Amino acid sequence: MRTEHDAGTAIDAYLQQHETKSLLRFITCGSVDDGKSTLLGRLLYDSKLLFDDQLAALKGDSLRHGTQNGELDFALLVDGLSAEREQGITIDVAYRFFSTERRKFIVADCPGHEQYTRNMATGASTADLAVVLVDARKGLLTQTRRHTYICALLGIRHVLLAVNKMDLIDYSEDVFRSIETDYRELADSMGIAQVSAVPLSALRGENVSSRSDRIGWYDGPSLLERLETVQVAHVVDDVGFRLPVQWVCRPDQNFRGYAGHVVAGCIAPGDEVVVLPSGVRSRVARIVTADGDLPRASLGAAITLTLTDERDISRGDVIVAAAQPPQVADQFAAHLLWMGEAPLLPGRSYWLKIGTRTVSAQVTEIKHKVDVNTQEPLAAKRLELNEVGYCNLSLDHAIAFESYEHCREMGAFILIDRQSNNTVAAGTLNFALRRADNIHWQHMDVDRTARARIKGQAPACLWFTGLSGSGKSTVANLVEKRLHALGYHTCMLDGDNVRHGLNRDLGFTDEDRVENIRRVAEVAKLMVEAGLIVLVSFISPFRSERRMARELFAEGEFREVFVDTPLAICEQRDVKGLYAKARAGEIRNFTGIDSPYERPEQPEVHLETVNHTVEALAEQVTAVLIGHR
Amino acid sequence: MSFTCLLACSCRAGHYANRTAPTRIRTDINGSNMTNFDTLAHTSHLNQLESESIHILREVAAEFRNPVMMYSIGKDSSVLLHLLQKAFYPAPPPIPLLHVDTTWKFREMIAFRDRRAQETGCRLIVHINQDGVAQGIGPFTHGATVHTDVMKTQALKQALDKYQFDAAIGGARRDEEKSRAKERVFSFRNAQHRWDPKSQRPELWNLYNARIAKGESVRVFPLSNWTELDIWLYIYREKIEVPSLYLAAERPVVERDGTLIMVDDERMPLRPGEVPQMRKVRFRTLGCYPLTGAIESEADTLPAVIQEMLVARTSERQGRVIDQDPSASMEKKKQEGYF
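Protein chains in written order, with numbering that gives the first Met the number 0: chain A, 0 to 628; chain B, 0 to 338.
Because the hints were derived from the structure by calculation, they are not lab data.
Careful: at least some of the hints might be erroneous.
27 Å max Cα-Cα, derived DSSO-like pairs, lysine-lysine [claimed, not checked]: (1) B:197 - B:238; (2) A:58 - A:20; (3) A:524 - A:454; (4) B:279 - A:58; (5) B:238 - A:20; (6) B:156 - A:103; (7) A:480 - A:366; (8) A:103 - B:85; (9) A:20 - B:85; (10) A:103 - A:137; (11) B:238 - B:213; (12) A:380 - A:366; (13) B:213 - B:85; (14) B:197 - B:156; (15) B:156 - B:238.
Partner residues aside, some chain A positions facing chain B, computed with beta carbon under 7 Å [what the hints assert, rightly or not]: (16) 96; (17) 117; (18) 260; (19) 550; (20) 574.
Per the computed footprint, the stretches of chain A lying under chain B, defined by three or more beta-carbons under 8 Å from a beta-carbon of chain B, are [stated by the list, open to error]: (21) 379-393; (22) 597-610.
All values derive from a computational prediction rather than experimental measurement.
Where a beta carbon is used, it is the ideal one built from N, C-alpha and C, also for glycine.
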């Protein structure tokens, strides 16, 4: 009984000590061979966090894969994937945990190669501080600049500069000071104000967790001491209460709560709140948790709020302090780090997830891209993998937001590709280009229904897609002739013709093709609103643009007509002689030859042109349209 | 035993309010504007982890059509189940539990599982690979590797296919093993349930990408950032019930190939000269009894277990026979669909 009681008391005391410890999340980054993994392995080893069996495994691995002639190779502790161990490099971010008497640490060990920049960004996005390693023999390298830039971009304001391999330069103070000075200048230019530098040798364990006698001229703390004591208090500016609604809790008729995370400010029952973007007002009734109601909740708390009024609130809405509401907007200036294998194309539609809300978004303009190695602004029409761009962004719905600088959770977003579902960009909102509440839709007394009624028809958009020479225009022409004969009001938008006028400024690159389709889709939409049946005849090779066009229209208004003619036959026909030129290399980016055509997955009308007459195909289209009247 | 928890105090509701607020919030002169200081220094580590995990669980409930929580009865699952109840309170958890039963679990685990499911009101789905049962697959007859593959990995894939789950929540932690240290919180699986460690989706901030095509799925790990110690401290603070196998008691064991194996039922064939002995042992992880090594211990209370762990010199996975395969075996198993 006695020992039990002692253990209980000791654990209580330990728990309390543990509870008061703060948590520091940091990343380690630096060039390929600067020894990041070695440094991290050394920190774990020195803080006695390796268990006997892990140490035994490490000894075995060091003999098998080690790069230290059979000595303990600490890098093997953290490079966990077999491909990494084989190649001796870090591919993806690894998370490690250790703690000292003073603090708990979560370390994200980040890859240094440029091709894995997106993985580094993954690690940096949740870090409070970065340990940037520099090889004392080499000084600042391109990678040092790139990593520091990515850190700055993601809002890391504290850097510990670890000047490693001091043993290989005879512990020279001059070299150290000169690297430190260079780095401070670099960090300063990127807005990183807090830099402290430590000279060390990760391999020998000097100045890592304890100070080294060999570096007598350095009287600062070791790296670990610095990590234990550094103050990373980031003062959140005067942002009021913010709670993005994650999940609506409705166990029965009598309870309706809004579950979420407090991302800024604090809240108490009775406080007046506004729900954005709708703008409805209410008051907080209760702050519900499984441990009982709270008198107050603040930053970081996972809570469920109930309001005094029945309101229509759903996931993605943000509940905010009525006295300090954030801006609501649908157009922004933002920084984007592009992480997709396929390039970012302005005008293409992506999913944008910010907080708990997902909307449709397009980049309307890349103002410039930033060379991540030199930070030079460069003109750009697209962003490739691992490139950073400063862009204008347009959303299909207005959202409540803060600039990333002021509140990470209200200003950070990701873009998701609509086809592959991959996360293709990380972004930070800078400011709104215009306030959504300043633009009003012009209310029209004569609306689309009225216009359609006077014409006695249901407006529609027939979207003909297919390879060049597949017969789109031929079929569309005949369809229009028939509709006209039957008394319908129609209009035809033909790819070639539109390129002579509205789109004469566009070429045939992927970016221009996207813009080409966007403009045509918008024009078609206006015509449908005018009450017309619009026939659009465009190659429109990409699924995502056709989908974007479809989403502009009401349910059932848009009909995709796939004019399906095999490439070989189109090429054989070659009415305009274009395939011959493309094959000869005289035309570039020609669909079907050196630019892809993505077949429609579920077109409303599928025209297999081989072995069918134009009349029969036109009949097939007309039947679908008139059948739908 | 003294359970006077200094943290979970009498005022349990005060985790965020009473204890932390005064140091973190400064009220200005007119008393209405609040300024938040250091967002991390004053929030307790466990509260922060709890809050993050709840956020993840709610994202799963909100974004997936048909999610499930893998319930393996161990301490991590117990913490997950507790968090699941907290995340959706006062509603019952909207996510069912799935236990892949290899038919070789400790008997106590099965009894514990059924009781906890009933007490929490969670829907429990138990899946057994009947093909494996028909073939008589077991750890003694077929070895650890085949048994685990058929009764655990294949069984899990069967269950996920059968019920068409699009998200499966698991209790894995990044501190457990090297390839896990690299895994995302939302870890994408293709239609064959495979993990591709070389092209994981980037995962920034707490913005989890839950979008998948039909047939694909996501494994979700809300305890990614917890350590073994955090798990135990949280169990202690929150008074979470765990199977008593974690506490030392006199149990019948045999020593085999350097590992103490508990003779949990009559299916265990004894080798010549092996006689089960009563020894005071406990388990650091729970799995199939023939594959789970016991350690000799006097720690028969939770505080004593925590204390013992603080001076432990071997990591918890050491007790698992399956991990002694060639290095990086976990990565390989995970690629094939193991949790």
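query = Which of the stated hints cannot be reconciled with the structure, identified by number in ascending sequence?
reply = Checked against the structure, the hints that fail are numbers 1, 2, 4, 6, 7, 10, 11, 13, 15, 19, 20, 21 and 22, while the rest are satisfied.
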